[in-house]
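Participant: Based on the sequences and whatever the hints tell you, model everything.
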Amino acid sequence: MTSGRSLTARPAGRHALLVELSDAEHTAAFHAEVLRRRAAGTLPPVAEVVPGARTVLLDGVPDPQALARGVVGWEVPPVPADDGDVVEIPVRYDGPDLADVAALWGVAPEEVGSRHRAHTYRVAFCGFAPGFGYLTGLPPRLHVPRRSTPRTRVPAGAVALAGPYSAVYPRATPGGWQLIGTMPDPRPLWDPARERAALLTPGTRVRFVAADARPQDPDPAPSGGAPRDATPADTAPAAGAGTEAGA
Amino acid sequence: MTAELTTVRSGALTTVQDAGRPGHAHLGVPRSGALDAPAVRLANRLLGNDPDAAVLETTLTGCALRPDRDVTVVVGGAPCPVTVGGRPAAWGLPVRVPAGAVLDVGTATAGVRSYVAVAGGVAVEPVLGSRSTDLLSGLGPDPLRDGDVVAVGAAPRPVALPVAAPWPAPVAELVLPVRLGPRADWFSPAALHTLTSAAYRVSPHSNRIGLRTEGPPLRRLSDGELPSEGMVLGAVQVPPDGRPVVFLHDHPTTGGYPVVAVVPEPALAAAAQAVAGTPVRFTLAGR
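Top to bottom, those sequences are chains A and B. Mapping of the first sequence onto our numbering: residues 1 to 247, in sequence order. Mapping of the second sequence onto our numbering: residues 248 to 534, in sequence order.
Please note that the accuracy of each hint is not assured.
Claimed, not checked - Here are the in silico distance ranges between beta carbons for each label pair:
(1) A:R92 - B:P487: 36 to 44 Å
(2) B:G524 - A:D82: 57 to 65 Å
(3) B:A337 - A:S6: 57 to 65 Å
(4) A:A39 - B:G471: 46 to 54 Å
(5) A:E25 - B:A357: 32 to 40 Å
(6) A:R37 - B:T354: 46 to 54 Å
(7) B:D315 - A:T42: 48 to 56 Å
(8) A:T120 - B:T253: 50 to 58 Å
(9) B:P328 - A:A193: 52 to 60 Å
As the list claims (entries may be wrong) - Which chain B residues stay away from chain A? Per the calculated CB distances, all over 10 Å, these:
(10) A272
(11) R288
(12) D317
(13) G333
(14) G339
(15) R343
(16) A346
(17) A348
(18) A357
(19) V371
(20) P403
(21) A416
(22) R448
(23) R466
(24) G471
What the hints contain is simulated information worked out from the structure, not anything from laboratory work. Positions of the beta carbon are idealized from the N, C-alpha and C atoms, including for glycine.
Facilitator: Written out as structure tokens, the structure reads:
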């Protein structure tokens with residue numbers, strides 16, 4: 001699996017290295033390898049490990065050049081399909097762009113939900129807002145462009161598509177993605193008071209499930225390791241002051 | 248009992264800042280924290296505070312505060328007139344503010360950001376280990392508004408009163424050393440020469456997210472889109488208009504415009520104090 005894959009370590013200032021990988025799968029595999037080595041204590045100190053679409057940024061590194069020489073020789077096994085926690089996101093498929101997405105996919109609007117739920121996704125990276133995960137796993141034939149005109153306000157919990165990614169907006173922000181549905185209670189997505197502040201962390205696997213099929217009461221034994229409903233019911237999701245569009 | 252500060256005048260933008268919340272960039276959380284970190288550490292040291300104790304960061308027009316108990320403060324960073332109860336008081340050194348008296352931090356005479364450190368530190372509730380206001384993602388306390396009350400922590404033991412403190416002078420010209428990369432190869436040698444030789448100026452659209460510049464645009468070799476990638480503090484990002492933006496502490500954690508070079512963190516304090524119109528030169532610091 002390592003043949004044909006290239007790895008380029010690019011300098012990013014005095015204390016960081018931007019490692020560029022061949023594709024999303026290679027990036028996920030390299031990111032997993034970084035975390036494995038960090039957990040095993042065989043990685044030099046790194047303050048931040050920030051995956052991107054085709055890169056992993058290693059920031060806060062004492063000697064980036066030495067690390068660059070090291071990473072080119074790493075054996076990077078592919079990520080097994082069943083690796084990591086699975087988080088279930090309940091979705092009501094009622095988004096304002098459902099008909100547009102259905103037309104792009106060549107299906108009836110009622111079929112968008114079952115197509116979207118048919119895949120297991122993985123959080124490739126986060127960005128745009130705290131707890132906003134870019135989920136890969138949608139087959140290329142279902143990739144859709146961003147909206148030509150971004151919305152000034154996308155509500156918290158909006159389930160969206162753009163390019164190769166699916167996402168759930170952790171809070172209301174401007175946004176240009178196609179909105180296909182709603183996560184009825186988006187509060188678990190981001191709670192800085194919780195030990196694991198973000199529900200969707202890089203590497204986490206995600207399944208979308210039909211919201212209506214679930215009981216109203218939260219499942220007492222959530223699948224996967226992410227805590228649910230750690231938020232008191234009267235706590236509003238963090239209000240944002242985000243200024244840069246990007247999702 | 249600890250003191251509270253009532254905001255009499257919040258100024259253009261006054262926020263709580265400490266050393267920020269590094270270590271969460273992979274969740275989309277900016278580092279945040281005081282833009283002029285050395286100024287904060289010096290002000291805290293003068294008070295016997297923890298060097299990373301939270302302070303108030305003002306923007307150009309200062310602020311005014313009234314404590315309900317006697318407090319000791321240091322106003323540092325951007326030089327500005329300081330008064331206590333209407334009487335002139337020292338800038339850059341510990342000042343006693345009696346209960347009920349107004350501490351006025353005036354408009355900066357040079358620089359942009361003055362800091363108000365108080366013995367005991369600003370004691371708002373931390374978020375992800377930091378009290379900093381993050382203006383990009385809205386974490387931490389909101390910017391101060393008139394009438395807001397800010398809690399102060401327990402004051403440390405008084406330290407020997409210094410008679411002078413080594414505050415750096417504001418710069419008339421901002422010289423920013425850069426190391427090329429990670430995306431210098433998106434630009435022609437001519438564009439890289441422009442970056443490191445042309446005269447830029449600080450744009451009035453600069454903020455805690457980035458120091459924007461005005462000057463000759465840097466043309467890319469291609470118009471291709473860069474897949475989102477992690478961004479470091481000090482990254483010199485080149486948006487489609489070609490004018491370099493130096494990322495400051497509230498910068499986004501990932502971005503899709505190429506980073507031509509990176510300014511080392513120690514040089515960013517001066518960048519945070521450069522007023523709009525200040526000449527900027529980027530100089531090559533080697534790789």
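Participant: Next step is simple, just say for each hint if it's right about the structure.
Facilitator: We went through each hint and held it up to the structure:
1. Range check, R92 of chain A to P487 of chain B: Cβ separation about 37 Å, and the 36 to 44 Å hint holds.
2. Separation of G524 of chain B from D82 of chain A is about 58 Å and conforms to the stated range, judged on CB atoms against 57 to 65 Å.
3. For A337 of chain B and S6 of chain A, the hinted distance range of 57 to 65 Å is satisfied, since their beta carbons lie about 60 Å from each other.
4. Distance hint check for A39 of chain A and G471 of chain B: the Cβ-Cβ separation is about 36 Å, which falls outside the suggested range of 46 to 54 Å.
5. Separated by about 53 Å at the C-beta atoms, E25 of chain A and A357 of chain B break the suggested range of 32 to 40 Å.
6. Under the hint 46 to 54 Å, the C-beta atoms of R37 of chain A and T354 of chain B, about 52 Å apart, fit the expected range.
7. Distance hint check for D315 of chain B and T42 of chain A: the Cβ-Cβ separation is about 54 Å, which falls inside the suggested range of 48 to 56 Å.
8. Checked against the hint of 50 to 58 Å, the C-beta distance between T120 of chain A and T253 of chain B comes to roughly 54 Å, which is consistent with it.
9. In this structure the supplied range 52 to 60 Å is violated for P328 of chain B paired with A193 of chain A, their Cβ-Cβ distance being about 41 Å.
10. With a cut of 10 Å on Cβ distances, A272 of chain B falls inside the contact zone with chain A, its closest approach being about 5 Å.
11. Chain A leaves R288 of chain B outside its interface by the beta-carbon criterion, the shortest separation being 19 Å against a cut-off of 10 Å.
12. The claim that D317 of chain B is not at the interface with chain A holds, since no C-beta of that chain comes within 10 Å of its own (minimum 34 Å).
13. Look at G333 of chain B: its CB is around 35 Å from the nearest CB on chain A, clear of 10 Å, so calling it non-interface holds up.
14. Separation of G339 of chain B from chain A is adequate, the least Cβ-Cβ distance of about 30 Å exceeding the 10 Å criterion.
15. With a least beta-carbon separation of about 35 Å from chain A, R343 of chain B lies farther than 10 Å from that chain, consistent with its non-interface assignment.
16. Taking the minimum C-beta to C-beta distance to chain A, about 34 Å, the non-interface status of A346 of chain B holds against the 10 Å cut.
17. Annotated as non-interface, A348 of chain B keeps its C-beta farther than 10 Å from every C-beta of chain A; the closest such distance is 33 Å.
18. With a least CB separation of 27 Å from chain A, A357 of chain B remains clear of the 10 Å interface cut-off, as annotated.
19. The Cβ of V371 of chain B sits about 14 Å from the closest Cβ of chain A, beyond the 10 Å cut-off, so the non-interface label holds.
20. Consistency note on P403 of chain B: stated as away from chain A, and its beta-carbon is indeed over 10 Å from all of that chain's, at 28 Å minimum.
21. Against chain A, the non-interface label of A416 of chain B holds: every CB pair exceeds 10 Å, the least being about 25 Å.
22. Look at R448 of chain B: its CB is around 22 Å from the nearest CB on chain A, clear of 10 Å, so calling it non-interface holds up.
23. With a closest Cβ-Cβ approach of about 21 Å to chain A, R466 of chain B is found to remain outside the 10 Å limit, as its non-interface label requires.
24. Its beta-carbon lying about 13 Å from the closest one in chain A, G471 of chain B satisfies the requirement of being farther than 10 Å from that chain.
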